[in-house]
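There are 2 protein chains.
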Amino acid sequence: MTLPAPSDRAYVPFVSVATMMELIHAVGLETMLVELTDAIEAEFRRWPAFDKTPRVAAHSPDGVIELMPTSDGIHYAFKYVNGHPKNTREGLQTVTAFGLLADVDTGYPMLLSEMTMLTALRTAATSAMAARHLAPQGARVMAMIGNGAQAEFQCLAFRAVCGIDTVRLWDIDRAATDKAMRNLAGSGLTLVPCASAEAAVEGAQIITTCTADKQAATILTDNMVGAGVHLNAIGGDCPGKTELHRDILLRSDIFVEYPPQTRVEGEIQQLPADHPVIELWQVITGAAPGRRDAAAVTLFDSVGFAVEDFAALRYIRAKLQETGLYDRLDLLADPDDPRDLYGMLQRARAPGRPVSAA
Amino acid sequence: MTLPAPSDRAYVPFVSVATMMELIHAVGLETMLVELTDAIEAEFRRWPAFDKTPRVAAHSPDGVIELMPTSDGIHYAFKYVNGHPKNTREGLQTVTAFGLLADVDTGYPMLLSEMTMLTALRTAATSAMAARHLAPQGARVMAMIGNGAQAEFQCLAFRAVCGIDTVRLWDIDRAATDKAMRNLAGSGLTLVPCASAEAAVEGAQIITTCTADKQAATILTDNMVGAGVHLNAIGGDCPGKTELHRDILLRSDIFVEYPPQTRVEGEIQQLPADHPVIELWQVITGAAPGRRDAAAVTLFDSVGFAVEDFAALRYIRAKLQETGLYDRLDLLADPDDPRDLYGMLQRARAPGRPVSAA
Chain A
151 MTLPAPSDRA
161 YVPFVSVATM
171 MELIHAVGLE
181 TMLVELTDAI
191 EAEFRRWPAF
201 DKTPRVAAHS
211 PDGVIELMPT
221 SDGIHYAFKY
231 VNGHPKNTRE
241 GLQTVTAFGL
251 LADVDTGYPM
261 LLSEMTMLTA
271 LRTAATSAMA
281 ARHLAPQGAR
291 VMAMIGNGAQ
301 AEFQCLAFRA
311 VCGIDTVRLW
321 DIDRAATDKA
331 MRNLAGSGLT
341 LVPCASAEAA
351 VEGAQIITTC
361 TADKQAATIL
371 TDNMVGAGVH
381 LNAIGGDCPG
391 KTELHRDILL
401 RSDIFVEYPP
411 QTRVEGEIQQ
421 LPADHPVIEL
431 WQVITGAAPG
441 RRDAAAVTLF
451 DSVGFAVEDF
461 AALRYIRAKL
471 QETGLYDRLD
481 LLADPDDPRD
491 LYGMLQRARA
501 PGRPVSAA
Chain B
151 MTLPAPSDRA
161 YVPFVSVATM
171 MELIHAVGLE
181 TMLVELTDAI
191 EAEFRRWPAF
201 DKTPRVAAHS
211 PDGVIELMPT
221 SDGIHYAFKY
231 VNGHPKNTRE
241 GLQTVTAFGL
251 LADVDTGYPM
261 LLSEMTMLTA
271 LRTAATSAMA
281 ARHLAPQGAR
291 VMAMIGNGAQ
301 AEFQCLAFRA
311 VCGIDTVRLW
321 DIDRAATDKA
331 MRNLAGSGLT
341 LVPCASAEAA
351 VEGAQIITTC
361 TADKQAATIL
371 TDNMVGAGVH
381 LNAIGGDCPG
391 KTELHRDILL
401 RSDIFVEYPP
411 QTRVEGEIQQ
421 LPADHPVIEL
431 WQVITGAAPG
441 RRDAAAVTLF
451 DSVGFAVEDF
461 AALRYIRAKL
471 QETGLYDRLD
481 LLADPDDPRD
491 LYGMLQRARA
501 PGRPVSAA
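Protein chains in written order, with this note's numbering: chain A, 151 to 508; chain B, 151 to 508.
Calculated directly from the structure, the hints in this document are not laboratory data. Among the hints, a few may not be true.
The list makes no distinction among identical chains, and a pair is therefore deemed to hold if it is satisfied within one copy or across any two copies.
Unchecked claim - Pairs of lysine to any residue, SDA-like flavour, derived with a Cα cap of 20 Å:
#: 1; residue 1: K469; residue 2: A498
#: 2; residue 1: K236; residue 2: G223
#: 3; residue 1: K236; residue 2: R159
#: 4; residue 1: K236; residue 2: D403
#: 5; residue 1: K236; residue 2: A325
#: 6; residue 1: K469; residue 2: A176
#: 7; residue 1: K236; residue 2: P286
#: 8; residue 1: K202; residue 2: D328
#: 9; residue 1: K202; residue 2: Q496
#: 10; residue 1: K236; residue 2: P211
#: 11; residue 1: K202; residue 2: D253
#: 12; residue 1: K202; residue 2: A325
#: 13; residue 1: K236; residue 2: A367
#: 14; residue 1: K236; residue 2: D253
#: 15; residue 1: K236; residue 2: D255
#: 16; residue 1: K469; residue 2: E185
#: 17; residue 1: K202; residue 2: I224
#: 18; residue 1: K202; residue 2: D158
#: 19; residue 1: K202; residue 2: R324
#: 20; residue 1: K469; residue 2: A199
#: 21; residue 1: K236; residue 2: P422
Remember, predicted model here, so these are calculated numbers, not experimental data.
Go ahead and model the full structure; you've got the sequences and the hints to work with.
This is the structure:
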């Protein structure tokens, strides 16, 4: 069948996984991590401009599927993301994602993008953004607890953004640590594989936890966290899923993205609903204090928020305009007369084919 | 750059607008409307099985962008849809949409599809489904008020599903009526263009209203609606946007899809929150009465609900398996080792390109 080609308005720029990887290499991974950190921080700086809502989650026994929308009144973005820790047993990923950027004025999509890769980058960039406001001055050593799909991106973002030079790695599965060591060889980081979480945190000024079990775990106990440490807790991001012992929370200054979501999903689901937390955007604008003193324990209770994906999608769209690295997807019907969708359908019928409606 | 081809797990079946039109013609539009009506009814019949939530709307001065998720615990679906009545002035469509079907067990997408065309079909099929349970016996004449993009699909669905043989058309813009008349010529329907809404409803046993202004309008006044009529009100589907005079509602038996959403968006936003309504699924299962008697005025206060899109996406996926009419979209990263997303990115680097992370 010969169809008239859809018009420009019918096409949505599309970034596949292969194209995203090509784009990351074209920009350079560390450069992209740094630029994404700045892009996300720029959006946090204008936090009140966003229409915010906790993500819309569909929970099942083995995982969760979430939609994460937000808008600044000019652009609208949402991400589809799943979290299924048991997937890795079947050779599937724990987290896959894609996202959309749209024009609020018309409702028309402007970009559809894979976000499995992009979420890995924006999560690392968000952690680094928080740490550059909260970590103790001169921090050089990070403990990386949980060495799965997110680990290398975290390590590289902390190197590029915060000046970390040494990473102490531990995972319950030594093969994961070995994988991260291989991948980070040549990154410029000093890599120290550790035999336990206790060993990994020794001498670390920053402790990043990023484990995947969908349950309340105690990756860190209270005695493992010394004064002056910054905790970057990524894995507790789902109701019933936490990583830190409650006692750690009670002596930490706790920083969060969006309290209504973190209260349900983050480490602080272990605390009363009125336990004081500080919104990260207020630290960035200077409206709230960050680290009080060198001895304070700061905790970024990270669950991932829609504004970070919004920032990442806007960043990618700008890069597409520079690089031309995208495909065009025939996602939108574009009839000559917008009221004549049926006429468009009729005209798409192959000549000589009987009128199906007759 | 030569990349290894993504594996089957990385690909998501994709139905573009062109492919959807090809699929509709391959099946036959009226056949598809009938099959969609049955598919949607089958899901309404097992209504309690669905995880339901009012759609998540981002309102702006000129329109709305909505996400409509639902799940039956086996499959998960959501639709992205906008509504921007002013778009037609710029040659754009009021409504565009796309949707996704996913596997709850893994969170992996199973189908990404255009839904501008598909929403037009499922909306018509849902209207026809309601009418075959609610319209007076032997109804043959429908008034079609509002002759925009949805009009022809409504007329054809009511012909195929309910046995309507005559349509009385009216639109505030005569050009829209002319367009619908041209499109429906040869459909087997007797078409009667009318000079006013009052003229259009004369002798009609079913009145369908489908106008697009984003405001409280009075397309039908109380004196225009006689005893025994079935009202199929589609256009009132947004806070502040209604089509019927309140007095009509007060003497109608009102049937809705999902009360928490319809209370906010439908015609019944004009009524107190405790005004009695009947859930359509209960009529279909026999748990609630439909039409009480020949003189009753029945009103389907239709706003569109996620379960209808779920049904439509499942129907399309089944058709893809029969016809092979789809593309494959590289939407999901699929590393050999699911914990090694970074390794996948590294291996995608062109040989000889410097290590960007170093």
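Hint check results:
{"no.": "1", "hint": "K469 / A498", "verdict": "between (35 Å within a copy, 19 Å between copies)"}
{"no.": "2", "hint": "K236 / G223", "verdict": "between (38 Å within a copy, 17 Å between copies)"}
{"no.": "3", "hint": "K236 / R159", "verdict": "between (41 Å within a copy, 16 Å between copies)"}
{"no.": "4", "hint": "K236 / D403", "verdict": "neither (33 Å within a copy, 49 Å between copies)"}
{"no.": "5", "hint": "K236 / A325", "verdict": "within (17 Å within a copy, 57 Å between copies)"}
{"no.": "6", "hint": "K469 / A176", "verdict": "within (10 Å within a copy, 40 Å between copies)"}
{"no.": "7", "hint": "K236 / P286", "verdict": "neither (36 Å within a copy, 53 Å between copies)"}
{"no.": "8", "hint": "K202 / D328", "verdict": "neither (40 Å within a copy, 44 Å between copies)"}
{"no.": "9", "hint": "K202 / Q496", "verdict": "neither (42 Å within a copy, 35 Å between copies)"}
{"no.": "10", "hint": "K236 / P211", "verdict": "within (11 Å within a copy, 44 Å between copies)"}
{"no.": "11", "hint": "K202 / D253", "verdict": "within (17 Å within a copy, 27 Å between copies)"}
{"no.": "12", "hint": "K202 / A325", "verdict": "neither (40 Å within a copy, 42 Å between copies)"}
{"no.": "13", "hint": "K236 / A367", "verdict": "within (16 Å within a copy, 52 Å between copies)"}
{"no.": "14", "hint": "K236 / D253", "verdict": "between (37 Å within a copy, 14 Å between copies)"}
{"no.": "15", "hint": "K236 / D255", "verdict": "between (41 Å within a copy, 10 Å between copies)"}
{"no.": "16", "hint": "K469 / E185", "verdict": "within (11 Å within a copy, 44 Å between copies)"}
{"no.": "17", "hint": "K202 / I224", "verdict": "within (14 Å within a copy, 29 Å between copies)"}
{"no.": "18", "hint": "K202 / D158", "verdict": "neither (31 Å within a copy, 36 Å between copies)"}
{"no.": "19", "hint": "K202 / R324", "verdict": "neither (40 Å within a copy, 42 Å between copies)"}
{"no.": "20", "hint": "K469 / A199", "verdict": "neither (24 Å within a copy, 44 Å between copies)"}
{"no.": "21", "hint": "K236 / P422", "verdict": "neither (30 Å within a copy, 47 Å between copies)"}
Of the numbered hints stated above, those contradicted by the structure are hints 4, 7, 8, 9, 12, 18, 19, 20, 21, listed in ascending order.
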